[in-house]
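Heads up: the protein sequence lines correspond to chains E and S, in order.
Just so we're aligned: 111 in this note's numbering is position 111 of the first sequence, and the numbers increase by one with no gaps anywhere.
Just so we're aligned: 144 in this note's numbering is position 144 of the second sequence, and the numbers increase by one with no gaps anywhere.
Hints are computed from structural coordinates only; laboratory data are not their basis.
Glycine included, each C-beta is placed from N, C-alpha and C at the ideal position.
One thing to keep in mind: the hints can contain errors.
[Unchecked claim] Straight line, CA to CA, 25 Å or less: simulated SDA-like cross-link-like pairs of lysine to any residue: (1) E:Lys172 x E:Phe12; (2) E:Lys148 x S:Met1; (3) S:Lys117 x S:Val40; (4) E:Lys148 x S:Leu185; (5) S:Lys117 x E:Val35; (6) E:Lys148 x S:Leu39; (7) S:Lys82 x S:Leu120; (8) S:Lys117 x E:Gly39; (9) E:Lys148 x S:Ala10; (10) E:Lys172 x E:Asp116; (11) S:Lys86 x E:Tyr31; (12) S:Lys117 x E:Leu49; (13) S:Lys86 x E:Phe42; (14) S:Lys82 x E:Val144; (15) S:Lys86 x E:Tyr24; (16) E:Lys36 x S:Ala10; (17) E:Lys148 x S:Leu77; (18) E:Lys148 x S:Pro79; (19) S:Lys86 x E:Ile28; (20) S:Lys86 x E:Gly18; (21) E:Lys26 x E:Gly39.
[To be verified] Covered stretches of chain S, as calculated for chain E (at least 3 residues, CB under 8 Å): (22) 5-14; (23) 33-44; (24) 60-67; (25) 71-82; (26) 157-164; (27) 172-179.
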Amino acid sequence: MNLLARVGSYAFPALLLGVPIYAYVKGIPVYETFVKGAGEGFRIALSTLPYLVAVFVGISCFRGSGALDVLSRWLGFILTPLGVPADLVPLVAIRPISGSGALALTGDLLRTYGPDSPTGLLASILQGATDTTFYVVTLYFGSVGIRKTGRALLSSLAGDACGFIAGFMAWKALVR
Amino acid sequence: MNVVWIAMIASGCLTALVTGRVDVMMSSVLDGAQQAVELVIGLTGMFCLWVGIEKLAEEAGLIDALARGVGPVLGLLFPHLKGRRKPLGTVAASVLSNVFGLSSSTPLGLKAMAEMKEVLGDGDEGIDSMSTLAIVNAAGFCMFPSGIIAMRAALGSRAPALISGSTAVAGLAATAGALLTYRLLGRVFRERRG
Numbered sequence: 001m002n003l004l005a006r007v008g009s010y011a012f013p014a015l016l017l018g019v020p021i022y023a024y025v026k027g028i029p030v031y032e033t034f035v036k037g038a039g040e041g042f043r044i045a046l047s048t049l050p051y052l053v054a055v056f057v058g059i060s061c062f063r064g065s066g067a068l069d070v071l072s073r074w075l076g077f078i079l080t081p082l083g084v085p086a087d088l089v090p091l092v093a094i095r096p097i098s099g100s101g102a103l104a105l106t107g108d109l110l111r112t113y114g115p116d117s118p119t120g121l122l123a124s125i126l127q128g129a130t131d132t133t134f135y136v137v138t139l140y141f142g143s144v145g146i147r148k149t150g151r152a153l154l155s156s157l158a159g160d161a162c163g164f165i166a167g168f169m170a171w172k173a174l175v176r
Numbered sequence: 001m002n003v004v005w006i007a008m009i010a011s012g013c014l015t016a017l018v019t020g021r022v023d024v025m026m027s028s029v030l031d032g033a034q035q036a037v038e039l040v041i042g043l044t045g046m047f048c049l050w051v052g053i054e055k056l057a058e059e060a061g062l063i064d065a066l067a068r069g070v071g072p073v074l075g076l077l078f079p080h081l082k083g084r085r086k087p088l089g090t091v092a093a094s095v096l097s098n099v100f101g102l103s104s105s106t107p108l109g110l111k112a113m114a115e116m117k118e119v120l121g122d123g124d125e126g127i128d129s130m131s132t133l134a135i136v137n138a139a140g141f142c143m144f145p146s147g148i149i150a151m152r153a154a155l156g157s158r159a160p161a162l163i164s165g166s167t168a169v170a171g172l173a174a175t176a177g178a179l180l181t182y183r184l185l186g187r188v189f190r191e192r193r194g
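Next comes chain S alone, as it looks inside the complex (with noise of 0.2 Å):
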């Protein structure tokens, strides 16, 4: 990230410089920090629902029956959190969620990040499972994108679901691409560090 993070920042500024676009870039800059806090301001009261909600299912016991009935499929994805029903539970809510397009799908997500961090700690158990979990959603696989679905049809589309098959397909590639290559820099990374 810090390589990434300076590499966007460098090459911004170097752009910027070159083609004389200084003054657009700093109002940009200003822009997008505040744009940082309005969003995380914007999405507190979400959090605080589903949080608020997701607490309810567990106390009651729903969490870990969800843990309990896919479980064995998590388990697959999942490894380290075999038999730990608490964060398996969490994940598997958030996955649902994002696969059935609710908003559900972050907050729970991060309570998930949380929970495993406290169950498997940082070391390459935890980093692994934690990322497993990131890149599943940021691959984002959706059976049904309602917000693409709601904008097609607002701008009078005929059929606006025409491209839920398309869009399941091109989720499932970035879920097993991303994986697949997160397998595979495992090699690169640990060498590096060792």
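Bound conformation, chain E alone (with noise of 0.2 Å):
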């Protein structure tokens, strides 16, 4: 793990430097090329604007409104007699929903139960697991102006419930 850990710290300095570097020695005006670039990235990050607030008011609508709790209640009959410590099911409600209220909801649950406790570490795979989907597919559709994402939604939802599922797996292997 440890080599992974500094693969992971690494690639950034080495992305920042090694890119600018390779292509100025290949002759290619960096300073320019970089501003052409971050013009782009500019435009594709505000048009996915009117696509997130879009989404975000559903999604704050549901979460204020405690649809979301109404939701976790429902989930609860389902994962508590699975094995799956209640205070968890709330977080695998949002997951796919919210990625910051994952986080604070993780945060939390780590700094209750302890990060290495059997439920910090359940919390700390759900987290990990996968990406909040709502968000993803919202923000790379919303780039190119497609609405129609149905079809990329559900499949991105199941998606996240084999995950859970796998991760819950794991996390049951782990502990014993």
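Could you use the hints to bring the two separately framed chains together as a complex?
Pasting the structure below:
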């Protein structure tokens, strides 16, 4: 795992340093080219704004009204008998919907139970297992102006379910 | 998405009315709209940085080299991109960023979406390829989930990276499950349209 950790933390500086130097040696006007790309990045980021606002409004309506809590209570009826700690059920419900919400909840769980406790480990696994589906699908399709995203969204949610089940089983093996 | 969006709003408003939390819901919705704008503005600098670096890599021929290197493997997931180096290289850069837990994954992913739309259009071929990238990155298979590991370390874990094997297994399962569901749903969605 140490090797992977090192790859992860060196990849950023390696790209930041390596790519411009390599381009410079190849005779590319590095400053102008970077600025051109940065302008493109600026337009891409801004083009996602209306889509993100729409989805955030939907999600915060769902969360703020307490409908999410109702959903996680229903989920609890299924998940708790299967051996998922009751305090983790809200995390399962919120993980695909809100990245910041899930991160805050994971932080609370790790502080309450300790990061190396069984509950803390499962919270970490569920948090790290998948990305925030609603956010990613909105961002990716929004940036190219495509609105028909139902099939991709449903598939990703099914994928999240598979990821949670696999994460749960890996956790069972880990804490046994 | 139309159904999902209206369902979120309708169920939210209904719950708020039933439980008498209309005020809370209203301020939450306004906060949500503002958060979306703040998020985009906060991300814009990072987008500029990574797409700028990517442009340099592209001009220097690095993206092309990447497409040649991992193209044959990615070609299995993206059959319509076979032999088209430009989207393929950017797709590879985005997916690899995700695997290593780098922030460049999203900006490069969106650039790849734009390139795929340009090359393949927004018919079935384009939509399939774009959806594949979106669901692969939404499943977020990651060898080194740096965010959660940093959080565990900050909260005093004795083995912050202990979970990375489990998250990798879960991420693989999520990716496979999502791709499989996408294939299975193909028939349903095509019938509805036709």
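Tested hints:
At most 25 Å may separate the alpha-carbon atoms for a hinted pair to count; Lys172 (chain E) and Phe12 (chain E) exceed this at roughly 34 Å. Distance check on the hinted pair: Lys148 (chain E) and Met1 (chain S) sit about 7 Å apart at the alpha-carbon level, within 25 Å; holds. Among the hinted pairs, Lys117 (chain S) with Val40 (chain S) is consistent with the structure: their alpha-carbon atoms are about 22 Å apart, no more than 25 Å. Of the pairs offered as hints, the one joining Lys148 (chain E) and Leu185 (chain S) holds, with about 14 Å between alpha carbons and a cut-off of 25 Å not exceeded.
Proximity of Lys117 (chain S) to Val35 (chain E) is assessed by CA-CA distance (about 23 Å); at most 25 Å being required, the pair is judged to hold. A threshold of 25 Å between alpha carbons decides the hint, and for Lys148 (chain E) with Leu39 (chain S) the separation of about 23 Å falls inside it, so the pair holds. For a cut-off of 25 Å, the pair hint linking Lys82 (chain S) to Leu120 (chain S) stands: about 12 Å separates their Cα positions. Simply put, Lys117 (chain S) and Gly39 (chain E) have alpha-carbon atoms about 19 Å apart, close enough for the 25 Å limit, and the pair holds.
Note on Lys148 (chain E) and Ala10 (chain S): the hinted pairing holds, with a Cα-Cα distance of about 20 Å set against a maximum of 25 Å. At roughly 14 Å between alpha-carbon atoms, Lys172 (chain E) and Asp116 (chain E) fall within 25 Å of each other, so this suggested pair holds. For the suggested pair Lys86 (chain S) and Tyr31 (chain E), the alpha carbons sit about 22 Å apart, so the restraint of at most 25 Å is met. A hinted pair counts as satisfied when its Cα atoms are at most 25 Å apart, and Lys117 (chain S) with Leu49 (chain E) qualifies at roughly 19 Å.
Taken as a hint, the Lys86 (chain S) and Phe42 (chain E) pair is honoured in the structure, with Cα atoms around 20 Å apart against an allowance of 25 Å. Taking the CA atoms of Lys82 (chain S) and Val144 (chain E), the gap is near 21 Å; set against the 25 Å cutoff, the hint holds. The suggested pairing of Lys86 (chain S) with Tyr24 (chain E) holds, with an alpha-carbon distance near 21 Å, which does not exceed 25 Å. For the hint linking Lys36 (chain E) to Ala10 (chain S), the alpha-carbon distance of about 43 Å lies beyond 25 Å, and the restraint is violated.
For the hint linking Lys148 (chain E) to Leu77 (chain S), the alpha-carbon distance of about 21 Å falls within 25 Å, and the restraint holds. Restraint check: the Cα-Cα separation between Lys148 (chain E) and Pro79 (chain S) comes to about 21 Å, which is no more than 25 Å; the hinted pair holds. Of the pairs offered as hints, the one joining Lys86 (chain S) and Ile28 (chain E) holds, with about 19 Å between alpha carbons and a cut-off of 25 Å not exceeded. Our distance criterion of 25 Å between C-alpha atoms is met by Lys86 (chain S) and Gly18 (chain E), whose separation comes to about 21 Å.
Only pairs whose Cα atoms come within 25 Å are accepted, and Lys26 (chain E) paired with Gly39 (chain E) is accepted, the gap being roughly 22 Å. Taking a C-beta to C-beta cut-off of 8 Å, the stretch 5-14 of chain S contributes 7 residues in contact with chain E, enough for the three needed, and the coverage statement holds. For the stretch 33-44 of chain S, the stated coverage by chain E holds: 8 residues have a C-beta nearer than 8 Å to a C-beta of that chain, and at least 3 were required. Coverage of the stretch 60-67 of chain S by chain E holds. Counting CB-CB distances below 8 Å, 3 residues qualify, and the rule asks for three or more.
With 0 residues having a beta carbon nearer than 8 Å to a beta carbon of chain E, the stretch 71-82 of chain S misses the requirement of three or more and the stated coverage is violated. Counting residues of the stretch 157-164 of chain S whose C-beta lies closer than 8 Å to any C-beta of chain E gives 8; at least three are required, and the coverage claim holds. Given as covered by chain E, the stretch 172-179 of chain S passes the check, having 8 residues with a CB less than 8 Å from a CB of that chain where 3 are the minimum.
Comparing the model with each numbered hint stated earlier shows that hints 1, 16 and 25 do not hold.
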